[in-house]
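My request is simple: use the sequences and hints to build the entire structure.
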Amino acid sequence: MVKVLESEAPARRVALDLPLVRIPDRGPQREHALPSSERVIRAEQLTIRYGTFAAVREVTLDIPSHRVTAIIGPSGCGKSTLLRAMNRMNDFVPSASVAGKLFFRGEDIYRPGFDPVELRRRIGMVFQKPNPFPKSIAKNVSWGAAINGYQGNLDDLVERALHQAALWDEVKDKLDDNAYTLSGGQQQRLCIARAIALQPEVLLMDEPCSALDPIATARIEDLIDQLKAQYTVVLVTHNMQQAARVSDRTAFMYMGELIEVDDTTVIFTKPTQKKTQDYITGRFG
Amino acid sequence: MTGATAVSSSLFMPRVQRRRRSGRAFELLCMLLSLFGLAFLAVLIGRVLWEGASWISVKFLTNFPSQMFPENAGIKSALWGTIWLMAITTLTAVPIGVAAAVYLEEYAPRNRLTKLIHFNITNLAGVPSIVYGILGLAVFVRWFRLDRSVLSGGLILCLLVLPVVTIASREALLAVPKSIREAAYALGATRWQTVRWHVLPAALPGIMTGIILAVSRAIGEAAPLIIIGAVTYVAFVPTGPLDYFTALPIQIYAWTDASQPEFHHLAAAGIIVLLGILLPMNAVAVAVRASQQRKKLW
Ligand SMILES: Nc1ncnc2c1ncn2[C@@H]1O[C@H](COP(=O)(O)OP(=O)(O)OP(=O)(O)O)[C@@H](O)[C@H]1O
Ligand SMILES: [Mg+2]
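If you're matching them up, the sequences are chains E and V in order. Under the working numbering, the first residue of the first sequence carries the number 2, and numbering increases by one thereafter. Under the working numbering, the first residue of the second sequence carries the number 697, and numbering increases by one thereafter.
Hints were generated in silico from the structure; no laboratory data involved. Check the hints yourself; a few may be wrong.
[Said to hold, decoys possible] Heads up, simulated DSS-like pairs for lysine-lysine below, C-alpha to C-alpha not over 30 Å straight-line:
{"no.": "1", "chain 1": "E", "residue 1": "Lys-175", "chain 2": "V", "residue 2": "Lys-874"}
{"no.": "2", "chain 1": "V", "residue 1": "Lys-874", "chain 2": "E", "residue 2": "Lys-130"}
{"no.": "3", "chain 1": "V", "residue 1": "Lys-772", "chain 2": "E", "residue 2": "Lys-136"}
{"no.": "4", "chain 1": "V", "residue 1": "Lys-874", "chain 2": "E", "residue 2": "Lys-140"}
{"no.": "5", "chain 1": "E", "residue 1": "Lys-229", "chain 2": "E", "residue 2": "Lys-136"}
{"no.": "6", "chain 1": "V", "residue 1": "Lys-755", "chain 2": "V", "residue 2": "Lys-772"}
{"no.": "7", "chain 1": "E", "residue 1": "Lys-140", "chain 2": "E", "residue 2": "Lys-229"}
{"no.": "8", "chain 1": "E", "residue 1": "Lys-140", "chain 2": "E", "residue 2": "Lys-102"}
{"no.": "9", "chain 1": "E", "residue 1": "Lys-175", "chain 2": "E", "residue 2": "Lys-130"}
{"no.": "10", "chain 1": "V", "residue 1": "Lys-811", "chain 2": "V", "residue 2": "Lys-874"}
{"no.": "11", "chain 1": "E", "residue 1": "Lys-173", "chain 2": "E", "residue 2": "Lys-229"}
{"no.": "12", "chain 1": "E", "residue 1": "Lys-271", "chain 2": "E", "residue 2": "Lys-173"}
{"no.": "13", "chain 1": "E", "residue 1": "Lys-102", "chain 2": "V", "residue 2": "Lys-772"}
{"no.": "14", "chain 1": "E", "residue 1": "Lys-136", "chain 2": "E", "residue 2": "Lys-102"}
{"no.": "15", "chain 1": "E", "residue 1": "Lys-136", "chain 2": "E", "residue 2": "Lys-175"}
{"no.": "16", "chain 1": "V", "residue 1": "Lys-874", "chain 2": "E", "residue 2": "Lys-173"}
{"no.": "17", "chain 1": "E", "residue 1": "Lys-276", "chain 2": "E", "residue 2": "Lys-130"}
Here it is in structure tokens:
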């Protein structure tokens, strides 16, 4: 299945600058489906509650393959909650419960009996705050591969992942140093290297630049741009310029609801919903 | 704007001098009280050293105790009994206590039952040691027919320190940031892999500190061992877990009880030996904790 999708990728990349789906001019619309071959993740009427409070309400959203999808919205609107549902990290929040469906490559990941451990290798995550392991830089990158039974050479893997995360040159002479000796931006790139070392199919990133200076941010944005050749990226961000710069599609959430999702150019130039327009023009949030 | 600021600032009465003075008074009070505690301790230790130091010799460590000839009396059997107790207590309490903490913290669902268990473990840590002695008498000595063996004694001390080891381990696990667990899980680690490779190593210094302090408390205990009838003036060293035994605190207690004043000096010398075991242990615990704080990265 993965193979088939990869062979399709080049064809889609040619059409990168065109809107994936034409928006029919028929007033307010909150979702639109992608052809099933193009979507990697699909949320269907997904509601996520903490106790009785619904943090995400009936969200239906498709994540297209080999694209960067940005999720924007004011603080507390449920972006992280939705993102963490995609690799079942919400399992570790005791009060969280999920209704509706969430498909990864056509399989409902919340069906009873589904094993989230294998899923998390295929859907990697980069957290808002850099969270390297208090171990060596090399170990940070190689550990995930090692526990997942990686058969290849771990040293090569570490080097490749650090190259991809644009960190290799800065750390190649101190791979055995503790990861906490790195700066915040370096730590975040290390966390990205750690995630891509597993060659996931999807990379979920929750405000990966929020703790970083503009230079480190620019490097990570470059990186995201390169990553989408190989991976599908879902990026939560508070930074509208960042969403506009790096994403192909943008989803706007407000108070737990998905207000609008479309090609990034459309969302930022002619959104169909007033709330979207208000938000991107900075009138609230 | 500036007008409003001026008006509101005149409503403040900083009284910095007075606040400083009361702060200073509190500091002084705390200092005096802690000095009182220290002075008390110094007097106690000084007295024990003065009474017992001259009685410490190789002979004292290698002779068996005697209730007739103080000049030939030693603590060989008590010292070995204490070493046996330490070993049995550590070997049983550490795996059980750490496993309980890992289970409660990492695996168990957070519901009423686990809350109740937490609450009760905390309460158990406050139960007087003599109660454990009575329990051990009924369970280990009589029911399991372990008799007054060093194994019975060790198991009782194990029960005594289990709550402390569990609580200390749990706190050490709690102190490991959630973000490290999440990082591991997000890489497709199982719970056990996460605990084994990241949570336990990060919590280890805290767990070790707890274990050392708990065991050092256990080897100072006399009451529960007296309850099960650990014998005094033992003229042999335990060679197996089912042998009879005596322990340092018991021997010290027995000598304190003797009428001849020479024996009181022996008791003081025994206390010095006991302190000689406890202080290094506590020093190690303090050192482990300090090095952990220095290395703390998150
Ligand atoms: N563990 C939790 N328990 C209870 N409520 C929670 C929990 N985590 C989040 N919430 C609530 O769910 C809502 C959505 O939170 P979420 O973290 O998804 O917001 P967000 O869009 O990521 O916000 P931000 O941009 O500030 O990160 C918020 O109202 C928040 O208070
Ligand atoms: Mg968030």
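For each hint given before, does the structure comply? Return the numbers of the non-compliant ones in rising order. Violated: hints 3, 8, 12, 13, 14.
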